[in-house]
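Chemist: Input sequences plus hints: build the corresponding full structure.
Just so you know, we're using numbering that gives the first Met the number 0 here: the sequence shown kicks off at 0 and counts up by one.
No lab work stands behind these hints, which were simulated from the structure alone. Virtual Cβ for every residue (Gly too), placed ideally from N, Cα, C. Do not take every clue at face value.
Simulated DEER-style distance windows between Cβ atoms [as the list claims (entries may be wrong)]: (1) TYR44 / THR92: 30 to 40 Å; (2) ASP1 / THR137: 36 to 46 Å; (3) THR144 / ILE50: 28 to 38 Å; (4) VAL140 / ALA109: 16 to 26 Å; (5) PHE67 / GLU29: 34 to 44 Å; (6) LEU22 / GLN88: 10 to 20 Å.
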Amino acid sequence: MDILIRPIKRTDYSKLKPLLDELGYPSSAEDITNRFIELQKHPDYEGLVAIKNRQIVGFAGVCKAYYFEMTGKYSRILAFIVRSKERQQGIGTKLLKSCEQWAIDQGCNAITLNSGNREERQIAHTFYKGNGYTGKSTGFVKKLT
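Modeler: Encoded structure:
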């Protein structure tokens, strides 16, 4: 099984809809396209796709950020999904390693991500821990609009 991880292309945008729906963020293909056009204008953001048999089976969105509290840069994985029927094949690990390599290439000294604390996220937590990630903090959110 050959899996290709590559930067997202404009022709991929609408093909992400099923993955973003599965991740819990349903959007129209038009909204996804508009959002990704805007994101791709910023060099500190990168979208990566996992391709299997010429189909997009995974997606990761990652960005570079700067610490306020110390010197240096870090990277944050903002979105990460492998199609459910394609899991347990090493695709997620390959996609995660590609995010880490992108962060290294950007001069980052750490990579972070948030994952929901819902019961259905426990499998994802096990995956992240198995790839060397440790639970460090609890996140909070407040909707402003």
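Chemist: Could you run down the list of hints and mark each one as holding or not?
Modeler: Consistency of the hints with the structure:
1. For TYR44 paired with THR92, a C-beta distance near 22 Å fails the hint of 30 to 40 Å.
2. One distance hint, 36 to 46 Å for the beta-carbon pair ASP1 and THR137, holds here, with the actual separation near 39 Å.
3. In this structure the supplied range 28 to 38 Å holds for THR144 paired with ILE50, their Cβ-Cβ distance being about 36 Å.
4. For the hinted restraint 16 to 26 Å between VAL140 and ALA109, the CB-CB distance of approximately 22 Å keeps it satisfied.
5. At about 36 Å, the CB distance of PHE67 to GLU29 agrees with the hint of 34 to 44 Å.
6. Roughly 18 Å separates the CB atoms of LEU22 and GLN88, a value that falls within the hinted 10 to 20 Å.
In this structure, only the earlier hint numbered 1 is contradicted, and the remaining ones agree with it.
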